[in-house]
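These protein sequences, in sequence, are chains A and B. Just so you know, we're using the working numbering here: the first sequence kicks off at 5 and counts up by one. Just so you know, we're using the working numbering here: the second sequence kicks off at 1048 and counts up by one.
If you're looking for bench data, these hints aren't it; they were derived computationally from the structure. Errors might be hidden in some of the hints.
Reference excerpt, derived from the structure (chain B facing chain A, CB under 10 angstroms, subset only) [unchecked claim]:
1) K1118
2) Q1119
3) L1122
4) I1128
5) L1137
6) P1138
7) G1148
8) H1152
9) L1156
10) W1158
11) M1199
Note that the structure is predicted; figures quoted are calculated from it, not measured. Beta carbons are placed, not taken as given, at the ideal position from N, Cα and C, and that holds for glycine.
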Amino acid sequence: MIAQRQILLLISLTVFAVASIVFSLLSGSVDITVTQLAQDIFSAEPNLNSQVLQEIRIPRTLAAFVTGGLLALSGAIMQVLLRNPLADPYILGISGGAAVGALSAILLGATGFWLSNAAFAGALFSIFLVFGIANKFGNWSVTRLLLTGVVVSAGWGAVINILLTTSSTNNVQSMLFWLMGDLSQSSVNPAHYLLLLVGLAGGLIVSRSLNVLIRGELLAVSLGVNVQSLRLLLFFSASVFTATAVTIAGSVGFVGLIIPHMLRLVGARDHRILIPSCVLLGGSFLVLADSLARTLIAPQQLPVGVVTAVIGVPAFILILRSTIRK
Amino acid sequence: MANLEIQSLSLQIEDKILCRDLNVQIKENQRWGLLGKNGAGKTTLLHALIGRRPADHGSIQLDGTSVYDLKQRELASKVGILFQQGIEALPATVFETVMLGRHPHTQSLLWDHKKDIDIAEQALAAFDLDQLKERGVDTLSGGEQQRLALAMLLAQTPQLFLLDEPSNHLDVAFQVKLLSVLTNKVAETSASLIMATHDINLAFRFCENIILLLEGGEALVGRSDDVLTEENLSQAYGCPIKSVSSGEHRLFYPA
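Generate coordinates for the entire structure from the input sequences, incorporating the hints supplied.
Right, here's the structure in full:
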């Protein structure tokens, strides 16, 4: 049953999302006040403020929101699919594949468009590699999928280390930023927003089935869930969300693991609530983290992945403690 | 109302034959006990009945359609099963859990209909769980968890109840209560029931029909009075079993 409390949670998360986006638009070296904000965003005459907003802050903020939303969504789905609380978007080696693609591109001197495409190609290759191996012997079980993913992931890790140790210092710097997750080069296009919306809608459509599947395969089957096709759908959709997120921002850690857990801890266990909550909180969390990443030690920028961990770890421990005490 | 027809069914695990050429017809208002010693194939047979295990030979038809051809959801709206291992104690409330039983019947994508909520609440009340509605499943005792699993099955409102060791973790009072609740439900809704159990006495008391699995894939099928004899049971369990009668009651015990 969807209780009032959970509707309240959704409303607060929506408010939080709006607030974090406004905060992000206001943060930076050029001072813009809240009162000016609306005016500047829609300003027809270009001035410095409106240019900063339209060309830098808005795209970056939206990129952060989409990436965070996709990662949290993917994490929540992976945790159901693998029935493992440690599952995160990267557990099946997708980010590893993307990283090898991206690092190779950096090695070859590629940036922007080609870098993104190389990352996405690497991620896709990894998805089909893992699925192919896990599926090879027919009747793919969750355990086999998990083991395959972890092993492939370890393989990519080795390749990443080879690339890092054999590259020039210059390249290593950008490689490390990519690996930790960084939004400074990011851009999103309409397809990315669309994917997030489709993911949200699709997640809501299967949310009841997710509620059953998380209780175990046998029970799900006995309650009429077509487990085989649902799992395929979950695997491929979570993979595409992850691949897209890492293509936008590199492998930003932590969001996909802790956001779903935080939400479950505060009572959003029902996937009809959890799925939209993940999109909202995942998005706002990354927007906030990125605002801090570019202002904390300005004019220097931190990789956003570092900030997600720095705020994420204590926040998560706090919630864990407070829910246990109850 | 469901009519289950098992025709010349054979089931085999590796090279062990669990049943060979089994023929049973289960009609509305019937309660069947499924007995046999450990590893005789009781659970496997139940799983085959919901299409989870392919038949090596023969057919299982529910109202004239093979259970292997039925859509998962359609099957689930007619046949409900209580698994032997019970439900997992995840952090979820009792009410959230019993509502899952309504899954095969839910029409709306996101909202819960009043009708489904009412059915779930009645199911909780039937097993005295209405006071524990908001409790976490992980805080329940073993017996309470078993009752919750039964309440979830009741909320599923199946026409055929399959029960794998329903009396697990239950004290004697609840064993009797559980079976009288189910017996009433079966009578009320013209449903039917198959119960796999180790408890010969419980089966004798509540089931008028028995499938007794024997060594080597043979099975005795028939009325409880005819099948549950000292001789048959001793053969099935491979140990001498005696009985005493007192009025309508008959009690079996290992000699």
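Status of the hints after comparison with the structure:
no., hint, result
1, K1118, "holds, 8 angstroms"
2, Q1119, "holds, 5 angstroms"
3, L1122, "holds, 7 angstroms"
4, I1128, "holds, 5 angstroms"
5, L1137, "holds, 7 angstroms"
6, P1138, "holds, 7 angstroms"
7, G1148, "holds, 7 angstroms"
8, H1152, "holds, 9 angstroms"
9, L1156, "holds, 6 angstroms"
10, W1158, "holds, 7 angstroms"
11, M1199, "holds, 9 angstroms"
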